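Q: Sequence:
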Amino acid sequence: MCLAIPGRLVSVDDGDGLRMGTVDFSGTRQTVCLEYVPEAEIGSYVLVHAGFAIRTLDRDDADRTLALLREMAAGDPGGDTEA
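Each residue of the sequence shown is one higher than the one before, starting from 0 at the first, in numbering that gives the first Met the number 0.
Derived from the structure by calculation, the hints contain no laboratory data. Keep in mind that the hints are not guaranteed to be accurate.
Said to hold, decoys possible - Per label pair, the in silico range of CB-to-CB distance:
| no. | residue 1 | residue 2 | range |
| --- | --- | --- | --- |
| 1 | G26 | A3 | 14 to 20 Å |
| 2 | M71 | E34 | 15 to 21 Å |
| 3 | D59 | G14 | 31 to 37 Å |
| 4 | G14 | E70 | 37 to 43 Å |
| 5 | A72 | P37 | 30 to 36 Å |
| 6 | R54 | T30 | 28 to 34 Å |
| 7 | A73 | D15 | 39 to 45 Å |
| 8 | A66 | D15 | 19 to 25 Å |
These figures come from a predicted structure and were not determined experimentally. Every residue, glycine too, gets a C-beta built ideally from N, C-alpha and C.
Could you put together the complete structure from these sequences and hints?
A: Printed below as a string of C-alpha cells:
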C-alpha cells in the first residue's frame with residue numbers, strides 16, 4: 000500500500016529535459032516530478048507519492064482527501080481497543 004498526498008501546483012520548470020514543479024502542501028512546499036501528469040498547470044491539484052505527481056485531481060477531491068488525512072492524524076494512534 001502507498002500513501003499519496005494532494006497538493007496545489009504553484010510553479011513549473013520545464014528545464015533540463017525533466018518537467019518539475021513546486022507543490023504546496025498546506026504551507027509546506029516541495030519540488031516534485033511532473034512527468035506523469037503533463038496536463039498539470041499552475042493552480043492544478045496533484046496527488047504526490049514519493050516525489051512524483053501521479054495524477055491530477057479537482058479541488059473538491061483534494062479537500063476531501065486532506066480532511067480524511069487530518070481526521071486520521073487526530074485519531075487514536077493505538078486504534079480501537081474494544082473487542
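Q: Given a hint of 28 to 34 Å, does the C-beta separation of R54 and T30 actually sit inside it?
A: Violated - the Cβ-Cβ distance for R54 and T30, about 18 Å, lies outside 28 to 34 Å.
Q: Quick one: are D59 and G14 within 31 to 37 Å, going by C-beta?
A: holds, 32 Å
Q: Can the suggested window of 14 to 20 Å be confirmed for the beta-carbon pair G26 and A3?
A: holds, 19 Å
Q: Take the C-beta atom of M71 and the C-beta atom of E34, compute their distance, and say whether it sits inside 15 to 21 Å.
A: violated, 29 Å
Q: Tell me if the beta carbons of A72 and P37 are separated by a distance inside 30 to 36 Å.
A: At 32 Å between Cβs, range holds.
Q: Check the following: the C-beta atoms of A66 and D15 are separated by a distance inside 19 to 25 Å.
A: violated, 36 Å
Q: Quick check: does the Cβ-Cβ distance between A73 and D15 fall within 39 to 45 Å?
A: holds, 41 Å
Q: So the hint says 37 to 43 Å: do the beta-carbon atoms of G14 and E70 match that?
A: holds, 39 Å
In summary, the numbered hints that this structure violates are 2, 6 and 8.
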